[in-house]
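S.K.: Spelled out, the chains give:
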Amino acid sequence: MLGYIFKRVLYMIPTLFGMSLISFLIIQLPPGDYLTSMIATMSDSGQAVDPAQIERLKEIYGFDDPFYIQYLKWIWGIVSRGDFGHSFEWNQPVSGLIWGRMGSTLVISLLSLLFVWIVALPIGIYSAVRRHSIGDHVFTFFGFIGLAVPNFILALVLMYFAYRYLGQSVGGLNSPEYAEAPWSLAKVGDFLAHLWIPIIIIGASGTAALIRVLRANLTDELHKPYVITARAKGLPEYKVILKYPVRIALNPFVSAIGWVLPHLVSGVTITAIVLNLPTAGPLLFRALVSQDMYLAGSFILLLSALTLVGMLLSDLLLALLDPRIRFN
Amino acid sequence: MTDPAEDVVLSVENLSIDFRLRTHILHAVENVSFELKRGQTLCLVGESGSGKSVTARSLLQIVDRPGSIVGGRILLRNGGAVTDIARHDPDGQAMRAIRGRRIGLIFQEPMSSLSPVHTIGSQIIEAVRLHSDLDKRTARAKTVELLRQVEIPNPDQMADRYTFEFSGGMRQRAMIAMALAGNPDILIADEPTTALDVTTQAEILDLIKRLQVERGMAMLLITHDMGIVAEVADDVAVMRFGRIVERGPVDAIYHDAQHPYTRQLLASTVKLTRHVEGRVPAVAASAQPQQPILSVRNLGKTFGWHGKTNSLRAVDDANFDLYPGENLGIVGESGSGKTTLGRLILRTVEPTTGSVVYRNKDGSEVDVTSLTKKELRSFHREVRLVFQDPFASLNPRMTVKEVIGDPLIINGLAKGKALEERVAELMRLVGLDPMGMERYPHAFSGGQRQRIGIARALALDPRIIIADEATSALDVSIRSQILDLLLDIRQRLNLSFIFISHDISVVRYFCDRVAVMHRGKIVELGEAEQICTAPQEAYTRSLISAVPNPDPRDKRMLHRHRFVAPVL
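Chains as they are written, first to last, in the numbering used here: chain A, 1 to 328; chain B, 1001 to 1568.
Quick caveat, the hints were computed from the structure, so don't treat them as lab data. The model shown is predicted, which means the values in this text are computed figures rather than measured ones. Glycine included, each C-beta is placed from N, C-alpha and C at the ideal position. Among the hints, a few may not be true.
For lysine to aspartate or glutamate, the following EDC-like pairs were computed, each having C-alpha atoms within a straight-line distance of at most 20 Å [as the list claims (entries may be wrong)]: (1) LYS224/A x ASP1554/B; (2) LYS73/A x ASP50/A; (3) LYS224/A x ASP1064/B; (4) LYS224/A x ASP322/A; (5) LYS239/A x ASP1089/B; (6) LYS1209/B x ASP1225/B; (7) LYS1521/B x ASP1316/B; (8) LYS239/A x ASP1091/B; (9) LYS1037/B x GLU1109/B; (10) LYS7/A x ASP33/A; (11) LYS1142/B x ASP1156/B; (12) LYS224/A x GLU1109/B; (13) LYS239/A x ASP1064/B; (14) LYS243/A x GLU221/A; (15) LYS1374/B x GLU1350/B; (16) LYS1209/B x ASP1160/B; (17) LYS224/A x GLU237/A; (18) LYS1271/B x ASP1084/B; (19) LYS1374/B x ASP1406/B; (20) LYS1037/B x ASP1234/B; (21) LYS239/A x ASP1133/B; (22) LYS243/A x ASP1156/B; (23) LYS1271/B x ASP1089/B; (24) LYS243/A x ASP1225/B; (25) LYS243/A x GLU1047/B; (26) LYS1271/B x ASP1064/B; (27) LYS1401/B x GLU1438/B; (28) LYS224/A x ASP1091/B; (29) LYS1209/B x ASP1251/B.
To be clear about the criterion: a stretch of chain A counts as covered by chain B if any three or more of its residues have a C-beta under 8 Å from a C-beta of chain B, and this derived list gives those stretches [what the hints assert, rightly or not]: (30) 49-63; (31) 222-232.
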């Protein structure tokens, strides 16, 4: 088992390398660079641009170097001294910007995942065991709403609801008065009060999808002979179901670890913008628009690393859960 | 009510079970009555859909919804006390105390009747502890003892293994150990050996019988195989369409059957214990010496790297000839390489060594192993395949016309009106009504689907048909019909068959010559009659003698030859 983990981690290195190369390449693909987009913005607003200064900036940032030199400089900085480069737009090191965002992204991801699990598991089991009952139809109805309604609309509706009826300040993860305050018990409480909206919204479609998957998987498993065997032993019904078919139908739950993070970053960027969440999505989006290449590249690199870790975790958990995977 | 005999432990009286379907009520079981006696075996015989499994499950109240007991009583006797199982709540504590504790269940699929994600030991320990207050360690010791009783080697280590590390026979043994965990006085075995090889089947039946006698259990054995019934039953009940049509001691059923259905069932079983007479195609009957249509020489397939210890010789140095109009049987147990051999001939699996020489209609010879892709396609037009599973081998989204006509369309041989006529002709040839060509496969029974599969194989006027377990999934009466159909087609179309099967009786009935495979090698090749009555090799003898004989006065299996394969 240890050898397997070691091998997987080893395989992650070339994968990460490839991902960083591709992400850097994609960022470079659109014509121009941060300076051209800055010049465009400045001349739009009627400011004069000094050509000499531009030449100087170009030299400092190394925009005239060929692509691979720029890439190698960047990646060498990361590997040798943890320097992710300089964000042009924010005019500060990328590493200073990125960690706070990554932290909140991770927290929201994990909490959404927990939310998805806690809600989807009992509902999925109920829907499969009592298939075509009224309860199942109700859950199916809400499940399809969860799947069909775009997240950002759901976000707007929930924000309105929270503001209008609960009198809560909405948007972000903290009320304005706590935004700059140091962490205290009151701030944590305020944080938690803000957290439920993004978690519900981000978890909604995942929950609905997992309920459908679990319902379908479990429906298949419920009539397998080994369930009848368990019943014929004299086990109580709840134990028959929880111990045997549910255990086998659980695999997609574990696989969810692998996809929830990329989903959170790429899929719900709009939601994060609507909700003004300090997660990676909105910042990455701005960085891409303004061609702030080191910031965007670093984000993509870190997110791929996290995704790979998530995949590894879910694979390891799957192997723990299912001996058939472990032995093959 | 008359006082029942001392040793009756369970009596079923006028049991009826209905399935409330959306459109109608299906009477799955009607007015069924029988008794189980201590130390005796009752065999419930019937073909698929006769309601025998539902009857067995109702004794444990584990009939799947929407089925439910609608009438009758199931009386379970314990000393003087009598309880009516039919009145218990299926989810109630009283019913759970009966399951596993009073009545143990073994059933059909050793592959899927145990959980794949729990160890064998943990599943049996659970059963042991459910019906006793043993602590974990004692329960484990008891589990190991049970595994020893069912003759699993190294039971202490095997308890920690998973089901997929067990062979089919071993799984069934583990299943039996689990059924015995609660020390039940009634054992229900629902087709316990259907999925197993004949020699494994003989061992498992031996084991069940021995345990039953040792523990004085009453047994209800459900099977479709009249041979097994003759070997193990004391009493027999024959079921058809949810009713018991005849019931009596085994000897009376076999030698003095009253009901026409019983006689028909026996006749189709007994028919398969002899070689078919006559019906030889013209090409095979002619006096001139024949050239083989297909010659297989030194054919071999090794999976994995050559020479390495973990490489597997699935087929090893196979040699045989197939003559025009001949039925050549290939028998062997699962894993013997017989299916791989069939695939090597078609080259759907690439052979590692050897050659397959095919003689064209004009007499020219081609080596199949060196054909190009395009040439292989024309070879595949003349050598067709019929599959085992009549349910999985037909695309459920294609109509019968599309299924049968598919090879014609792919090869661009017919379309439109001509296609329709050809399909109708083929359907008539296999005994199907051409009116059904617009329907989908699900509207047909298993036997009819197999006929569709045969019609598809015949669509391109092949010269050789490779039938891989083509009748294994069928009921015995349907099986002999399909075999007769194939014989009839062979005679009319001058076909040759390579008939791959694990079922010796089918091969004996259908084939002219038989090759016996064991661990990838052809151990014996000869006339079917000779192989089945006077086998030369030790392995063939053990295989033949393990086949249950459908005559309770001549229980062959109990005196069978045992063959211990040399360790490789």
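S.K.: Compare the structure with each hint and give your call.
M.R.: Comparing the hints with the structure gives:
no. : hint                  : result
1   : LYS224/A x ASP1554/B  : violated, 38 Å
2   : LYS73/A x ASP50/A     : violated, 28 Å
3   : LYS224/A x ASP1064/B  : holds, 11 Å
4   : LYS224/A x ASP322/A   : holds, 17 Å
5   : LYS239/A x ASP1089/B  : holds, 17 Å
6   : LYS1209/B x ASP1225/B : holds, 16 Å
7   : LYS1521/B x ASP1316/B : holds, 5 Å
8   : LYS239/A x ASP1091/B  : holds, 12 Å
9   : LYS1037/B x GLU1109/B : violated, 26 Å
10  : LYS7/A x ASP33/A      : violated, 39 Å
11  : LYS1142/B x ASP1156/B : holds, 11 Å
12  : LYS224/A x GLU1109/B  : holds, 10 Å
13  : LYS239/A x ASP1064/B  : holds, 17 Å
14  : LYS243/A x GLU221/A   : holds, 12 Å
15  : LYS1374/B x GLU1350/B : holds, 16 Å
16  : LYS1209/B x ASP1160/B : violated, 27 Å
17  : LYS224/A x GLU237/A   : holds, 15 Å
18  : LYS1271/B x ASP1084/B : violated, 42 Å
19  : LYS1374/B x ASP1406/B : holds, 18 Å
20  : LYS1037/B x ASP1234/B : holds, 10 Å
21  : LYS239/A x ASP1133/B  : holds, 18 Å
22  : LYS243/A x ASP1156/B  : violated, 24 Å
23  : LYS1271/B x ASP1089/B : violated, 46 Å
24  : LYS243/A x ASP1225/B  : violated, 35 Å
25  : LYS243/A x GLU1047/B  : violated, 34 Å
26  : LYS1271/B x ASP1064/B : violated, 36 Å
27  : LYS1401/B x GLU1438/B : holds, 6 Å
28  : LYS224/A x ASP1091/B  : holds, 19 Å
29  : LYS1209/B x ASP1251/B : holds, 18 Å
30  : 49-63                 : violated (count 0)
31  : 222-232               : holds (count 9)
The structure does not agree with the numbered hints 1, 2, 9, 10, 16, 18, 22, 23, 24, 25, 26 and 30 stated previously, though it agrees with the rest.
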